[in-house]
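Novice: Now for the letters of each chain:
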Amino acid sequence: MPDVRQTAFDIIHRLRSAGTQRAVYAELRRTGTIFGYDAFLIGGLPHSPNESLADCSMISGWPTGWTQRYQQQNYLHQDPVIRYIRATTEPFLWQEAVTRGDRRGLTVMNEARDYGLAEGFCVPFHELDGSEAGVSFGGSEVRLSEDARAALHLVAIYAMSRAKAIARRTPEDDAADATAGLTGREVECLKWAAAGKTAWETSVILSISARTVEHHLACAARKFNAASRVQSVAEAIRRGIID
Amino acid sequence: MLKVLSGDVEARDPALMDRVYRFRHDFFVDHLKWEACRKPDGRERDQFDGPDCLHVVGQQDLVGQRDLVGQQDGAIVSYSRLLPTTRPHLQTHLYPELLKGAPAPSGPRIYEWTRCAVAPSKRESAKGVDAVSGASFTAVAEVAARFGLDGLLVQTHPVLVTRLMDMGWDVEPLALPCAYGDSLLLPIYARLTPETVATCRRVFGLSGPVLPIDAADGPRPPADQPHRPMP
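Residue numbers (this note's numbering), protein chains in the order written: chain A, 1 to 243; chain B, 1001 to 1231.
Think of the hints as simulated: they come from the structure by calculation, not from any bench. Just so we're clear, the structure is a prediction, and the values are computed from it rather than from any experiment. Some clues are possibly wrong.
To be verified - Sample of chain A residues facing chain B (criterion: CB under 8 Å; computed from the structure):
hint	residue
1	Ala-8
2	Ile-12
3	Leu-128
4	Leu-144
5	Asp-147
6	Ile-157
7	Met-160
8	Phe-224
9	Asn-225
10	Ala-234
Beta carbons are placed, not taken as given, at the ideal position from N, Cα and C, and that holds for glycine.
Required output: the full structure, derived from the provided sequences and hints.
Specialist: The following block contains the structure:
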């Protein structure tokens, strides 16, 4: 890897614009080929003994076989990595969690090995509301230099942030985001501005006053956080609101 | 109660600033054991303090009476310092090595958020966020909006970086997380977005501004020319 820092920043740049779980998943898969992990999991920690992996997993890149086995055995509640997340704010190797864990934990980790998850690295999260979460990277051999560890730490922070943001989104959010909450009149005025019409010409076309046209364009600019009419038009085209 | 102090506040209200520096000494030196900042007079004031910085001070609410020591306002319970990046600040003059040669944003609309503290006695739990912390974090976002800032440089633990993201800051990393002392530090640029203040308030369950509506206690920094009206 020529420049770990730049590699990490490039991954983060793409993660930040990832709008779907699938996009985050694909980026983390790609990242695995660079840093040498085979599987990953983004998940919250259980709040109650009734919760299972399926309840807690946010974006899973675990092998299917292991997911099924883990779910059947309800390993969530004896997984030493999960337990160690609660005890630390610093990223750690799975091995460190095993060392501090008990026999039941060791059983989980030994079985994971059979599914190609012999070694791993985990980044813990301690959220504002007091809940915990983690991003885990695993594989048959996960050997990270100090820089690679720092890079994966940063990748995990952004992957988690995106996963949470995506989970919070509703279809209404998606629609509102695309149109930035523009009204029909504002969109019409932008269309005419894009066609090269002045506010006065637009006012004649739409049979409204020129001042009202100016007002609609100013509102649109504010919603886009745009500094000028040209920027508003560019933004409206970029978002596919006008063409 | 929160307020932002700017300008030559040491000349204007020396008693208050004295309490600010003592609060900082109690927190950073006595509580966090930042021995390098220990001062014989118990006032944690450094070369970056001066009329150009903004002090975001949280004080205990008093219900219409003076407190035990006769002060007109309550004990200091939270604090943050914002340093202009047009002058020497921590990123440039204390630990430039954090960025390993990469540039950090700077300019009249970018400040550096330092010395963030909440009185340990006011922190209801080690996990999650209590009312005093929530209000003090929100106050910093409100100050940034009020002074027309674009964003803040922050060097902090990665766990807090995640929290800043959750509070609605648009966070850009400036380096990889690195060991600093016996902890991790991640230098970031946190951009204020049109939603940051509202997100802070929502996350902490606040119904309105935590800073008084009137202008800051003191003049705006001279370099500042806000062009973007913010709520």
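Novice: Now tell me if each hint is right for this structure.
Specialist: Status of each hint after checking the structure:
Hint on Ala-8 of chain A holds. Least Cβ distance to chain B is approximately 6 Å, under the 8 Å limit. Against a cut-off of 8 Å between C-beta atoms, the interface hint on Ile-12 of chain A holds, since the closest Cβ of chain B lies about 7 Å away. Proximity of Leu-128 of chain A to chain B holds as hinted, the smallest CB-CB distance being about 5 Å (cut-off 8 Å). With its C-beta approaching chain B no nearer than about 12 Å, Leu-144 of chain A sits outside the 8 Å limit, and its interface hint is violated.
For Asp-147 of chain A, the shortest C-beta to C-beta distance to chain B is roughly 7 Å, which falls under 8 Å, so the interface hint holds. Hint status for Ile-157 of chain A relative to chain B: holds, with the closest Cβ pair at about 6 Å, below 8 Å. Interface restraint check: Met-160 of chain A against chain B, minimum CB-CB distance 7 Å, threshold 8 Å, status holds. A cut of 8 Å between beta carbons decides the hint on Phe-224 of chain A: the least distance to chain B is about 10 Å, and the hint is violated.
With 8 Å as the threshold, the beta carbon of Asn-225 of chain A comes within range of chain B, its nearest partner Cβ sitting at about 6 Å, so the hint holds. Evaluation of the Ala-234 of chain A hint against chain B yields a violated restraint, the C-beta minimum of about 18 Å exceeding 8 Å.
Hint violations for this structure: numbers 4, 8 and 10, all remaining hints satisfied.
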